[in-house]
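Enquirer: Sequence:
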Amino acid sequence: MMFKILVANRGEIATRILRSASELGWKTVAIYTENDTSHATYADEAVKLESVVGFLDVDTIVTIAYSTNCTHVHPGYGFLSESPKLPVALSRQQGGGKCIEFIGPSPEALRIASDKMLSRELATLLGIPVSPGRHISTPEEIRQFSRNLGHRYPLIIKALDGGGGRGIRIVNSEDEVEEAFQRCIGESPSKQAFVEKALAGPGWKHVEVQVIGDGTNVNHFWERECSVQRRFQKLVEIAPSRLPRSAVQPLIDASLKMAQRLQYKGLGTFEFLLNARSPSDWVFLEINPRIQVEHTVTEEINDIDLVRTQLLLFSPSTRTLASLRFDRPPTSPTSYAIQLRVNAEDPSKGFQLAPGTLLPQDVVWPLGRGIRVDTWLSISPSGHSPDAKFNVGTDFDSLLAKIIVKGASFEEATQRGIRALRELRVGDSSKEISGFKSVKTNAVVLAGTLSHSDWFGTHGEVDTLWLERNLRDVIELGDKVLPPKAIVGLQKPTSAGAMNGHESGPSSGAGSVLLQPGTLFSLIMSPSGQSVGESSRTGGTVKHSITITSIERNAFPQVLSGTFLSTLPSPFASVDSSGLGNASQVPIPFTLTQSTSVNVSGGQQQQFELADPNANGHIGSPMTGKVVELHPALLQALSNSTGTTHKDKIKVRQGQPLLLLSVMKMENAIVAPWDGYVQRVGKGIKLGVVLGEGMLVCVLERGSNLPTDSGSDNNNGRARL
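Residues 1 to 721 in the UniProt record's numbering are what the sequence shown lists, from first letter to last.
These aren't lab readings, by the way, just hints derived from the structure by calculation. All values reported here derive from a predicted model rather than from experimental measurement. Honestly, I wouldn't trust all of these hints.
What the hints assert, rightly or not - When the alpha-carbon atoms are kept at most 16 Å apart in a straight line, the in silico EDC-like pairs for lysine to aspartate or glutamate are as follows:
1. Lys389 <-> Glu101
2. Lys4 <-> Glu101
3. Lys686 <-> Asp612
4. Lys349 <-> Glu178
5. Lys349 <-> Glu693
6. Lys48 <-> Asp59
7. Lys48 <-> Glu34
8. Lys647 <-> Asp675
Please take these sequences and the hints and turn them into a complete structure.
Expert: Structure representation (structure tokens):
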């Protein structure tokens, strides 16, 4: 029988599934969007989505699966993979009486496993420890939960269906409850959340068990440790854990117990927190009923292709663990594997997304024994295009690639990981492509982590908050370990050396503009209302020249500074009899600063205004993201629906979100730094646009300068995308 599979995902996991299915002889179908096509080049067929929303829309996925005559659907990982709605919809017979098989657990198993409260209840029923927690629907219920714990903080608020760090906020005090609750709800597809006691002190490690089942029997492929995290998102994973076997075995037993009760089918990960300083102190966290991003390290230590195995479990002749010879306990691992997530983010700015555009030649991956790279920054040879480029934006997560290294010992794997990072090249910071900045990565943090003395500790030194506590040291170590090219991108050599500590050689800025000392510009001016051509014919033009004599900084078009000579009247020269200054005889210092920026949002160009940090009241965006919510005061300023007096204006309170930016499906608030009123909104600001880092959100007049009885501080009436 010929099988045909729709891979309902994108990026590196879609590429991986498409390749494994192709090896088995299955026909493949991919889905893609206009600016995200690389994975689709590995498929036999590809269907274009109208927008990124289609990746999470059950009806869209089902329609495509049936219209392309697929026999199977693989959801990859993410929200869709954990929704029981998809397998239910696929099981409904369409025209011709056929059903499509969902590669994953049954709808009932998914219903429990994907709901964090239901899975906690299952664990409790089976005698497996969990952290104290409860379902919540209002911020007041969070405060009451804290009071029940003796007014204890920190707490963790989680979306019932969150994942990948989304829908999770830690609350350190009662003042943070309201905002944290709103952000979790905003990132949750179901708009439901729960709160639990935070176990985030010294020594608490994140350990997870890889489980496989055929619907009747279950087995495991050992565990992974994922304690190196930022904002509850994993950065570095290892397998197996270096914890004692006596500490890990209870977690494996608990995972198999829960999986057996669920009659689990497919791949699943059962996650736990364990205190390395007191290994008997551990709790169940959640079930991820799908393949995980970090499945690669499990593959390496078990010498198994998990994706291929997953596909075979849903083939008629290999539907049991016994038929695949996985019905016996696995062999103890004799090697170590480390996965390093290379993300498009800036560690020096709190791991903010660093979007941009890459060309195939801008990427160099490490090679050699024991090194593997899984990435979406590649194109199938059959789908190669000379003008191909990779766009890193705000709609998806920041993952660019996974570098997986393997060694006979933990030390060997670590050394190999450092070598791989030293060979890595992502981006060319000396240019921009079509107005987009080149991409920055977190390679310096990955290298610093593997070089830190705590990394080799065996007493719980690296816990879930370790990176947060040691980030500065980690970055410093990474700077020392990596060559400069790996940190800042590929630097093109200039033909001239530095002069007096300044850049004096040619420099290629954005748009490949070559600027160097001696560059001559001709300036032709014409009277108002006439084109240059018309003025030339009537003799009404005035010609001048501008010669760059030195360049101190070239980040054109954002910033260009140096000195120039010009035939224009100098503003610093003495005034002659005509009332004009003489032409400049000595070089004049100048700085050219861009005050607007053009971005592409939704296929259309949008112009924004750069915030001036020296201007009174300018509130700039600290990151790049899609605008998904606006404060009523910004809406009022945009609409000009009321008068301009303070009495009519909506007051903004310090700490209130002026707007929300969606970055990789996570919501980030830009808050008011003081009480005040919105004088005006930055150019281009509206719902749905992608706002770049440093762009002006609004000008906020300080409330201390205003009448105390003016305006309303109403925080209702927000507009949301």
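Enquirer: What hint numbers does the structure not satisfy?
Expert: 1, 3, 4
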